[in-house]
Amino acid sequence: MSFLKKVANYAQEALDAANYLTQGLAVTFDHLRRRPITVQYPYEKLIPSERYRGRIHYEFDKCIACEVCVRVCPINLPVVDWVMNKDTKKKELRNYSIDFGVCIFCGNCVEYCPTNCLSMTEEYELSTFDRHSLNYDNVALGRLPTSVTSDPSVRPLRELAYLPEGSMDPHNVDSLKPRAGKLPAEIIQGLKETDSFSEDKQELVDDSENLDTLGSD
Amino acid sequence: MSAGLDLEFSFSQVLQGLGLTPQLAHLLWLPLPMLLVLVAAVIGVLVTVWLERKISAAAQQRIGPEYAGALGILQPMADGLKLLVKEDVIPAKADGMLFTLGPVLVLVPVILSWLIVPFGQNLLISNVGVGVFLWIALSSIQPIGLLMSGYASNNKYSLLGGLRAAAQSISYEIPLALSVLAVVMMSNSLSTIDIVDQQNGAGLLSWNVWRQPVGFVIFWICVLAECERLPFDLPEAEEELVAGYQTEYAGMKFALFYLGSYINLVLSALLVSVLYLGGWGFPIPVEWMASWLGQEVDTPVIQVFTASIGISMTILKAYLLVFLAILLRWTTPRVRIDQLLDLGWKFLLPISLVNLLATAALKLVFPVAFGG
Amino acid sequence: MTIASSTELICFLLLGVGVVLGSIGVVLLENIVYSAFLLGGVFLSVAGLYLLLNASFVAAAQVLVYVGAVNVLILFAIMLVNKKEDLKVIKSLRLRRILSGGVCFGLLFLLVRVVITTNWSLPGPVAIGEAATERIGEHLFTDYLLPFELASVLLLMAMIGAIVLARKDVVYLESTPESDLKQGLIEQAQPTLLADKPTNS
Ligand code: SF4
Ligand code: SF4
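Just so you know, the sequences run in chain order A, G and D.
Here the first sequence is numbered in this note's numbering, starting from 244 and rising by one per residue.
Here the second sequence is numbered in this note's numbering, starting from 80 and rising by one per residue.
Here the third sequence is numbered in this note's numbering, starting from 55 and rising by one per residue.
No wet-lab data here; the hints were simulated from the structure.
The model shown is predicted, which means the values in this text are computed figures rather than measured ones.
Only true hints are included.
Think about it this way: if two alpha-carbon atoms lie no more than 27 Å apart in a straight line, the pair counts; the simulated DSSO-like pairs of lysine-lysine are:
no.: 1; chain 1: G; residue 1: Lys-133; chain 2: A; residue 2: Lys-288
no.: 2; chain 1: G; residue 1: Lys-425; chain 2: A; residue 2: Lys-248
no.: 3; chain 1: A; residue 1: Lys-420; chain 2: A; residue 2: Lys-288
no.: 4; chain 1: A; residue 1: Lys-329; chain 2: A; residue 2: Lys-305
no.: 5; chain 1: A; residue 1: Lys-425; chain 2: A; residue 2: Lys-435
no.: 6; chain 1: A; residue 1: Lys-305; chain 2: A; residue 2: Lys-334
no.: 7; chain 1: G; residue 1: Lys-172; chain 2: G; residue 2: Lys-161
no.: 8; chain 1: D; residue 1: Lys-142; chain 2: G; residue 2: Lys-172
no.: 9; chain 1: A; residue 1: Lys-425; chain 2: A; residue 2: Lys-288
no.: 10; chain 1: G; residue 1: Lys-425; chain 2: A; residue 2: Lys-249
no.: 11; chain 1: A; residue 1: Lys-420; chain 2: A; residue 2: Lys-435
no.: 12; chain 1: G; residue 1: Lys-235; chain 2: G; residue 2: Lys-165
My request is simple: use the sequences and hints to build the entire structure.
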């Protein structure tokens with residue numbers, strides 16, 4: 244009897260294995276129908292999202308050499324090279340540099356800069372032959388970022404989340420067509436218009452709008 | 080052996096019409112089918128490589144080869160060309176002679192096995208009486224080539240890969256042979272032609288899959304193991320053995336291995352379709368269709384039609400199986416060596432033995448359905 | 055001479071040379087791996103000879119069994135114990151060589167004598183070609199049933215023997231104190247097949 248039981252168990256296991264295998268095959272087969280996620284890079288590039296944290300842009304003229312960026316940076320990375328001008332009793336900025344070989348693009352410096360002279364750009368193609376060329380000085384930091392959408396040799400592609408509703412293929416999408424869903428600003432606008440918009444929510448929205456100024460306090 | 084196109088006969092007729100002796104005509108005929116099959120095998124490989132790349136890409140939501148030809152169809156050619164012009168490196172401490180002989184010994188038996196693949200009633204190189212048995216025998220030579228190249232590379236990964244390949248192919252040869260034996264028992268012949276003929280009585284319904292479902296599964300698993308396809312690609316398991324016995328190979332010698340493995344895959348798929356899926360047979364027998372259309376089976380038009388349907392059916396079935404193999408590649412994880420041997424000796428072997436016995440019993444009980 | 059028969063002759067000569075040179079190589083080569091590979095070549099050539107004799111089933115069986123199984127196993131054994139060690143110098147090697155050579159040549163002489171003295175009936179019986187497979191099967195299950203079954207029993211015995219040897223749980227009774235622990239682990243892991251469990255001393 245126990246032998247028969249063993250055989251039955253064995254057969255059951257074999258059947259289970261076959262069943263799982265078929266399920267696996269079904270999954271693989273299902274993947275065949277899906278959209279390829281390949282972006283054929285040098286010819287096609289994804290449009291970075293609005294909050295993309297790329298190379299940092301820096302405006303020399305706005306900087307007051309306060310060194311807040313250095314203090315909030317997890318690794319004290321920005322180098323603010325200034326001298327005290329005895330006559331005017333003011334700091335005189337001579338150089339400013341960030342080494343992108345070390346930077347982790349956390350955005351703290353951008354967040355805390357009191358004069359908003361730092362900003363994140365969408366530029367991410369930073370590779371160089373020598374890691375020391377990643378040390379950008381104020382001239383290099385001041386260059387405007389290259390934009391994927393304005394480069395004629397590149398085909399800009401929208402990411403899946405930014406595609407218009409219903410379309411899966413990022414190629415040949417009308418660039419004017421809005422993405423599926425609402426932008427944050429539109430959501431807030433909609434909330435304001437509805438009657439059931441309560442006071443505390445209003446405050447919340449105000450807070451979020453004033454976040455930049457709050458942060459610098 | 081009456082129906083079907085007899086190309087050899089027509090060919091020698093033409094040559095004899097030109098004033099050649101029948102013997103000379105036969106001699107001239109001999110290399111033609113071989114050449115044709117060689118070309119067919121190589122083209123089959125190119126197509127398979129392309130399919131493998133494209134389907135793998137699709138399964139992983141990639142694009143795959145794109146730029147060489149339309150849809151990257153020329154990519155395998157480009158690969159072959161690249162391998163052809165690459166430097167042929169023989170490692171300094173390797174055994175040069177065995178190192179060169181190894182890949183040859185792997186490839187030649189596989190190509191020889193194409194001798195028995197039928198594409199139609201008369202469309203095969205030679206109707207050898209021992210048929211499938213020849214294939215089984217030839218495929219048992221392969222491990223020697225693998226051992227040879229593994230040993231000659233003078234590299235521990237190569238040696239391990241070679242040993243694994245040999246162990247794998249001897250252990251899976253036995254259930255493979257046993258499940259072939261069950262089919263052979265039903266058709267009373269080892270010849271591939273007879274095996275297919277026996278399945279084409281009633282089209283789709285008389286295929287061997289329905290009579291030998293267990294045998295079909297066993298055969299397919301064993302064939303995957305013999306071809307070293309995933310889930311059984313232990314001999315070249317990248318994570319453990321670099322590339323197994325191919326580690327030290329480069330250029331044309333590596334290409335021989337590559338070619339060998341893909342020819343083997345196509346060949347195995349063809350044989351599965353011959354043994355279990357009715358070979359060149361259309362799901363509805365051509366004879367029936369001819370009689371519905373009021374045509375004689377022997378008229379030249381119908382014969383040409385039958386032959387082309389036969390070839391396309393064989394290829395279609397084979398490539399469906401290749402597709403399945405590729406899907407399996409991206410579905411199943413690699414088994415461990417002990418699991419592999421367990422599966423071979425403790426699962427497939429007993430089951431194939433039981434299958435053989437059951438077939439014999441069924442043959443005695445229902446001689447009509449199981450080939451009396 | 056027709057094309058067919060001359061081709062046959064050429065093939066026969068090539069295969070014959072392959073068999074003879076190959077077997078000489080198997081015996082005389084220093085490197086044991088080469089010998090093993092050459093043995094495979096010899097088996098293949100013999101299969102080719104069978105093929106020339108129109109015995110395709112026997113040829114295929116020869117390839118399957120001798121090349122595919124026996125030779126691969128020999129190679130396996132050689133490669134798994136691939137120890138490079140210098141052989142000990144054997145005393146009076148020359149005398150031994152001469153003696154074994156003498157025995158071999160004696161056997162060869164006997165065989166040649168047999169070949170010459172036998173009254174070969176030429177041409178022999180007509181080769182039945184493809185029907186041979188069935189004939190072999192018939193003979194195996196009628197006239198030669200007893201030897202066939204005996205061979206299978208022998209193989210079964212060999213198989214069981216191999217399994218017993220491969221299980222590797224031969225118990226070493228004279229164990230040193232520090233190996234006590236290991237011994238216990240081995241015993242727990244696998245119930246012994248042959249020997250009774252020794253009492254833990
Ligand atoms: S925090 Fe802004 S203003 Fe202050 S030093 Fe840095 S970049 Fe200049
Ligand atoms: S992004 Fe982060 S790591 Fe980079 S400089 Fe600014 S604070 Fe430092």
